[in-house]
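J.: Now for the letters of each chain:
There are 2 protein chains.
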Amino acid sequence: MKKLINDPNQFVDESVEGFALANPHLDVHETPRFITRREIENNKVALVSGGGSGHEPLHAGYVGHGMLDGACPGEVFSAPTPDQIYECAKVVHKGEGVLFFVKNYTGDVLSFETAVELLHAEGIPVVNVLIDDDVSQELNSHSVVGRRGMGTTIVVEKILGAAAQKGQSLDQLVDLAHRVVCNGWSVGLALTSCTVPHKGSPTFDLGDDQVEIGIGIHGERGQTDLAYKPADELVELLADKIFNGGDYSRHVREWNRNVGAWVEVELKNKSLKQGDRVIAIVNGMGGTPLSELYVVYRKLAQLCAEKGITIERNLVGSFITSLDMQGCSITMVRINDSLLELWDAPVSTAVLRWGM
Amino acid sequence: MKKLINDPNQFVDESVEGFALANPHLDVHETPRFITRREIENNKVALVSGGGSGHEPLHAGYVGHGMLDGACPGEVFSAPTPDQIYECAKVVHKGEGVLFFVKNYTGDVLSFETAVELLHAEGIPVVNVLIDDDVSQELNSHSVVGRRGMGTTIVVEKILGAAAQKGQSLDQLVDLAHRVVCNGWSVGLALTSCTVPHKGSPTFDLGDDQVEIGIGIHGERGQTDLAYKPADELVELLADKIFNGGDYSRHVREWNRNVGAWVEVELKNKSLKQGDRVIAIVNGMGGTPLSELYVVYRKLAQLCAEKGITIERNLVGSFITSLDMQGCSITMVRINDSLLELWDAPVSTAVLRWGM
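In the order they appear, the protein sequences are chains A and B.
What the first sequence shows, in the working numbering, is residues 2 to 357, in sequence order.
What the second sequence shows, in the working numbering, is residues 2 to 357, in sequence order.
Rather than coming from a laboratory, the hints here were simulated on the basis of the structure.
There's no promise every hint is true.
It does not matter which identical chain is meant; a pair holds if it fits inside one copy or across any two.
Stated by the list, open to error - With a straight-line Cα cutoff of 35 Å, these simulated DSBU-like cross-link-like pairs (lysine-lysine) come out:
1. Lys-200 <-> Lys-230
2. Lys-200 <-> Lys-3
3. Lys-167 <-> Lys-95
4. Lys-95 <-> Lys-3
5. Lys-3 <-> Lys-308
Given the sequences, and given the hints that come with them, work out the whole structure.
T.: Here you go:
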């Protein structure tokens, strides 16, 4: 294993320290570890996310005006602890409540749920919103855990960030978050595994002539091991999973702050169809050159055009990664004029920055 | 070789086509291939760059308001042809002259020089500016070709873009470009080679316990093959090359449009010293995760602090790459208030975007 790191035990600390030095306008807290905006408006709901490290720029790269107020990086591929999340929320909360964006992984869900209960006990209004957009995973009665969270996370965080900045209430924001989650789909493809620093060797083996569709962002194995094919054929396989698998509903566990209890909320996605407008993300997994991502975007744009789906905005780059994994993921989120306006609203983070 | 490409012969065309689809506000010309801003102000000098493909986002990712007016991508690691550059310049020229930014590689230099002569023959004022900032290469009397061009390119393009936008004349811009080039240094490090699609195998072999310092952006071998070390030690080696090797002068061949001939221009760099202010870039070579680049930035920032050098602005990410190479390069450019103001001026490109 050759990586630009020192001691694997110090990797996350040192990477976050580097992030802090490169972004001196943000506050980086050490014990427990979290990143916050320095100046948060008093009349806005606080937005917090977090998850394992190794997915950079997620989530610290999205802290700033018009997006997140706080981010909690765990160890590599490990959920942040409840106290990280709790302390972060306490710092960014300005009296209007806190919204958590939680990618649907067991560890993340548990930590955020514990933080929700701690905050509720102190009388702080808080709601967790789950992101579960990985359509490569089957959803059936055996699926207790549900689908994983992927690139829709970025769109939720951006759109909600703009809405919070405009002063929308916690209840309005929760509705809006559901709307985005119910219109977002992702699917990933690995050309190679990633190598976790502590382990020092690839998480799984993938032959020189093999790729894997449906991989998770922690190097989880996918559903389909198949022969390496030209990019256009691979993109077609990925896009088909989004085009064809988009009609479903599921229940997610969410905190209802009015009744002070966990409730099951039904979320329904309805497939993309002709005439729909989307934000499309072609995302590199960490070790993928930008030039290849544009080859992927080219085919995706062609396929959308054939389907009569308009890509209104796009991101092409590495936005939610798996350490050094080579491969890509595709995310599509259906939008309308009001969501688009929120997407276009000014944002100023380490990674997404426009309008200011 | 597993890459997200189709036919290696179509790779650049398809990648550029994807870039065009993802950036519909830019004009992408096909035969010959170049990218231009759609609306260029009438009173500004036109700025054009180009070079081999495989270094994305360089240069197309820097076309837009406040940076380049046109970019000419060659084949992978191959210079653009003179007609690409000539046609591009003709499209973006608005009567105030054209400035070429040329990374110092033989092929690029030749193509741009030919384009200079073609444009001059038509009475279009044009000057080429050479970027030769790779301090890992020895400069001595045997060095006919000079040093390679690396990350200072991005700083030159950004600062000159802002100055052109403000209406500075071609002569003023040439002086300003010299000023930036004379204050910029880069050095690169490879953990792995890159794989050119046509070849299908790594350009060079690097053992599992070896790294190479002083690599070029085309997978050229470096000057120093050494044992893999922790990131901090590697960063120290890189930074020392910049701190210790910054005092030198050389002559570059530049078009003098007033006399209508090639002249030798002397450019002098004076080493960074205590009290200096810089823009620092920690750049990934294409296959390097962002998390590792922050580990590199952390050490670089510490070393600069020890030297009394203030990093006023930074970029951490993949800005000038070598396909899928793992590794990084460091660039430092000494700035003052006026250069900083130009760096901070609004820019709107696919990659750098702020203030608008």
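J.: Need the list of violated hint numbers for this structure, in ascending order.
T.: 4
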